[in-house]
Amino acid sequence: MTVGKDVSALFPDVVNCMQTDNLELKKLVYLYLMNYAKSQPDMAIMAVNTFVKDCEDPNPLIRALAVRTMGCIRVDKITEYLCEPLRKCLKDEDPYVRKTAAVCVAKLHDINAQLVEDQGFLDTLKDLISDSNPMVVANAVAALSEIAESHPSSNLLDLNPQSINKLLTALNECTEWGQIFILDCLANYTPKDDREAQSICERVTPRLSHANSAVVLSAVKVLMKFMEMLSKDLDYYGTLLKKLAPPLVTLLSAEPELQYVALRNINLIVQKRPEILKHEMKVFFVKYNDPIYVKLEKLDIMIRLASQANIAQVLAELKEYATEVDVDFVRKAVRAIGRCAIKVEQSAERCVSTLLDLIQTKVNYVVQEAIVVIKDIFRKYPNKYESVIATLCENLDSLDEPEARAAMIWIVGEYAERIDNADELLESFLEGFHDESTQVQLQLLTGIVKLFLKKPTETQELVQQVLSLATQDSDNPDLRDRGYIYWRLLSTDPVAAKEVVLAEKPLISEETDLIEPTLLDELICYIGTLASVYHKPPSAFVEGGRGVVHKSLPPRTASSESAESPETAPAGAPPGEQPDVIPAQGDLLGDLLNLDLGPPVSGPPLTTSSVQMGAVDLLGGGLDSLIGGTNFVAPPTAAVPASLGAPISSGLSDLFDLTSGVGTLSGSYVAPKAVWLPAMKAKGLEISGTFTRQVGSISMDLQLTNKALQVMTDFAIQFNRNSFGLAPAAPLQVHAPLSPNQTVEISLPLSTVGSVMKMEPLNNLQVAVKNNIDVFYFSTLYPLHILFVEDGKMDRQMFLATWKDIPNENEAQFQIRDCPLNAEAASSKLQSSNIFTVAKRNVEGQDMLYQSLKLTNGIWVLAELRIQPGNPSCTLSLKCRAPEVSQHVYQAYETILKN
Amino acid sequence: MIGGLFIYNHKGEVLISRVYRDDIGRNAVDAFRVNVIHARQQVRSPVTNIARTSFFHVKRSNIWLAAVTKQNVNAAMVFEFLYKMCDVMAAYFGKISEENIKNNFVLIYELLDEILDFGYPQNSETGALKTFITQQGIKSQTKEEQSQITSQVTGQIGWRREGIKYRRNELFLDVLESVNLLMSPQGQVLSAHVSGRVVMKSYLSGMPECKFGMNDKIVIEKQGKGTADETSKSGKQSIAIDDCTFHQCVRLSKFDSERSISFIPPDGEFELMRYRTTKDIILPFRVIPLVREVGRTKLEVKVVIKSNFKPSLLAQKIEVRIPTPLNTSGVQVICMKGKAKYKASENAIVWKIKRMAGMKESQISAEIELLPTNDKKKWARPPISMNFEVPFAPSGLKVRYLKVFEPKLNYSDHDVIKWVQVPLPLPPHISVSSLLLCCLPFAPAPESRSGPSTLQVGLVE
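Protein chains in written order, with UniProt numbering: chain G, 1 to 899; chain F, 1 to 461.
Among the hints, erroneous ones may be present.
[To be verified] Heads up, simulated DSSO-like pairs for lysine-lysine below, C-alpha to C-alpha not over 30 angstroms straight-line:
hint, chain 1, residue 1, chain 2, residue 2
1, G, 536, F, 339
2, F, 217, G, 282
3, F, 339, F, 354
I should point out that these hints are in silico values taken from the structure, not numbers from a laboratory.
Extracted from the complex, chain G is given alone in its bound form (with noise of 0.2 angstroms):
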């Protein structure tokens, strides 16, 4: 059966035998049912009522084999009936029963993930974690952390200091398979700081004595991961570097498979941190009975610790390697050769001298291998090691490879001057132009070119040669262009093609072979791993979804490194992504909103210069038209704050330049969210909103929701110039894409900085929002209170003064009614949205309440409210040099106290 015969038919018989005592027999039967119930589904149905009376048997081993077996029948039919016996199974007595239950679970949500959530055993299985046996606990975390995979989103595993602190306790009861689940685990958590990260640090460092490799490279990540938080300077990080640098090693006498996994590891750690490892060098030096892939990974970590202070040992180790048998090794150690004369400098000349003693020994790999290396040297240290280009030469013959021929002939074109039959070794070359691999065609070209520019006289015939060559007779693209672009260069300006092929090459850099870093720090998670094996992200090798969530170290929370996560960086919408999207809307409106939405300078406001504000105005009218406002004033330019001198080309910028009036003080009302895009005209984008004011600043509280039924990216914010410079401070930052029939929501800050302009009603505010669907446009009403200013409390004095300087045609009064407040009440009420009493009378039974306000650009509001106990209604006279903003200070007087 397991070895590939097909014994289905026999179904029936087999399920037959199902009732017996004899569990040896049992457990038969049921490997049979796990291979065929698939094939047989109807008759597998059959097999049902025995598991399920097998669920309740006396003997435990029964109960779990039993429910262990239905979890790996994959019938539809029977996941039905296996929900009833798997959740008494989750709650057995034994805990065998529950552990074999636990895996059950996510058996089943491999099978029907719905019905495991409908069924409620997420939870169960949730509560397992504070089970009394370790062993079930490592089962629940270990099926968890597998379904909380597939649902990348959902807080499944819901960690927090409380059941981490659990985990760690079981951590050192369970077996080691469960210790080596649980690290795992533990790896995906994010302390909340450096103190929780040490204090899981410390409980996790005697996992490194263990013998179970696993368990110590399953440690070895979640130290790796949580010493980013830790700062560097503290004690406790440099002891963790030296107490991870022994299991590390040790790792190295464990079998050749491990030593291979361990290795491949190191060479991430050793590229991550390489002050662990650094006086390691010794145990990387390969043994004689290593098998071949622990010996290429121990020279590729050879090189990477190779510094100064070892260069000398490495060498010589090298210059051994060089002369063993496996072909392959013995070229990687040349090559390492090389790498250490570009990685350390003074070790250069040992390096090159080591190398030609390898081209003395004449065998053929080793000499074109030493070929290629040295040509990187050149590169590096040039006008340093020329001498060596005669023994070079001398090996011409012996070059078979297209690499190595490639690299000689670029020796050859480079040093053609020093050379004296340069051009009869390059005419050698040419015999077998068309034999030649591309890499070498296209260095021969090079090569001829240079040496034509360099000895002009006597090689005219062979550069001519070389060009038709390219251009005439081969049909490679790469090559036939090169050779046209050299042909036209020399043809029309040869002191052109001189500077142009005989350029300054750039030195080459020490390290081309690391890992990327934002990779680095992802296989760094992944570390014991098949990813870290592969040096590959999971996405690469894994197929569908599963486990592929990418996951980022730590951002270190204590010191002031920035963090190295990929993460971290804002998701919302980098001004460098914006032109990409719009550009398609073409009007002016769209470029209007690429321009600019980073965050606004604050500064002191400068003068404008007259340039400047025609380009606002220009650009200022087109939005107007396009958002079919009505006729606007054009704003006095005397009123309008000023820009910080930004060039006229990003002139738009200047809608956002200005200085602020915040002050201190919260609680200004908060209106109710109101919608103010409605789905149907956004193209599903609804948005509602409202403003608020607190502690001194703005902002306006959004509400996304997609309704479309397409994911929405992208979203970005604009206002129209409004009367009192509102202006968002921050880009709208939407973190993740949204998806259909979801919500966020956004505290979008706003400043009072941006251009003004008298809008009609005056707190009338036009908004522009955009995603990667279209652009929409919707006015919405502030309240005015959300612009009164911390410091509006005059001096008893100065208002009295000011009062009278108002004239008495400023003056307006109103009715607030339905107001049962007292002058207290009122007062108080009135002073949380920053208007203040500044003084209090009683006249005829009435209290007169005298205030002021200042709203956010300067314009100073006086009051007096008549207040007249028991009777509901109030008075209100305003007085202001604006009598404009009267109308909607009345309103925020009104919706302050009647709320």
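Got chain G; can you put chain F on it based on the hints?
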């Protein structure tokens, strides 16, 4: 997690196949055979990725064990599991061979069902498994027995069952050390380290608490603060252990905080700890080889060994293995002491000396005739290796104490017969009792004991 597990014979025929996950199809079995077992070149990696499926394999004699997965599993865990699987099978039916596997077909499936659930390794301690997976058909168990089994399998001490009884409580402790030495062609020691193993055989009743102490520098310095006397006595003899790993029975957190090794041992033989030292290694021997090529068909080899310890001590059972080229046609050997023989099947000259006192020197010279070959493949020049027994541990490790305490049963530390040997002669499968040299209560000075070490020296030209 592990999606499936296959066992193949050397021809690539499947002996055992158990699939745990739905994502592993039948063709996975063939993919591994075609791409790895039948591959022409040498195995270049123990992990192979074929069509997005990853195969982990280990080889035992000519049997291949392969674990398959499509997910990003913990690779170290998979290998550890495969080794464990081999251990468990060996504990049940001895050597892992095609015949044994075929004979224990049912048992292996039963084991695979038990120790891997949905690809997650479960309790794999032989001691526990043997209580309920037996080859003798079912035993009718009482309810108490059943719950005892399950609590043991899932419990904190999964490696030991309760209720073990011995008439004689015995404990064997062996320290095995091997010295790895890397020398430059100039005879300079490049690196040397001792990797040691402490192997224990316990035949103790009940659930005994054991405590093991050695002359670990850190412990002795800690204690030395309290009693100055102890420091003067043993401070010099303490050793610095670079790193050590422990069997899962050892309480690691206790070791981490107090550096004391306390544990409840499994029944029978197990490896308690491994350690590694690099400092102050006593190299008992020096090996000085000289190789001279005489023409294309002749090699002259001369090897001198010098014993490098007190003249009063004796090294025993010295065996030097000098590898010879593959195209050797004949060898003539002359040695001053002991016996030497060319073993063609092993491609080596084996030189045996029964005993040798300290500060002595002995040499062997050999003429190796070579067949002229056109074979370009070079000889890999394996190192000369050496086995011997010396009455001290090259690392300097000593056992300070081994205490046994059983809270429930009424036997105390004094009733346990302890056999401690530092170090134990290699190879370890020699029956231990015949080689025991000391019986407890033991004296702290192990000078009178003998033991072997292996010494590997690179062949120098």
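When you check the alpha-carbon spacing of residue 536 (chain G) and residue 339 (chain F), does it fall within 30 angstroms?
-> 56 angstroms, violated
Residue 217 (chain F) paired with residue 282 (chain G) [C-alpha distance capped at 30 angstroms] | Roughly 23 angstroms separates the two Cα atoms, so the pair holds.
Within 30 angstroms, alpha carbon to alpha carbon, are residue 339 (chain F) and residue 354 (chain F)?
-> 9 angstroms, holds
Violated hint: 1 only; the structure is consistent with all others.
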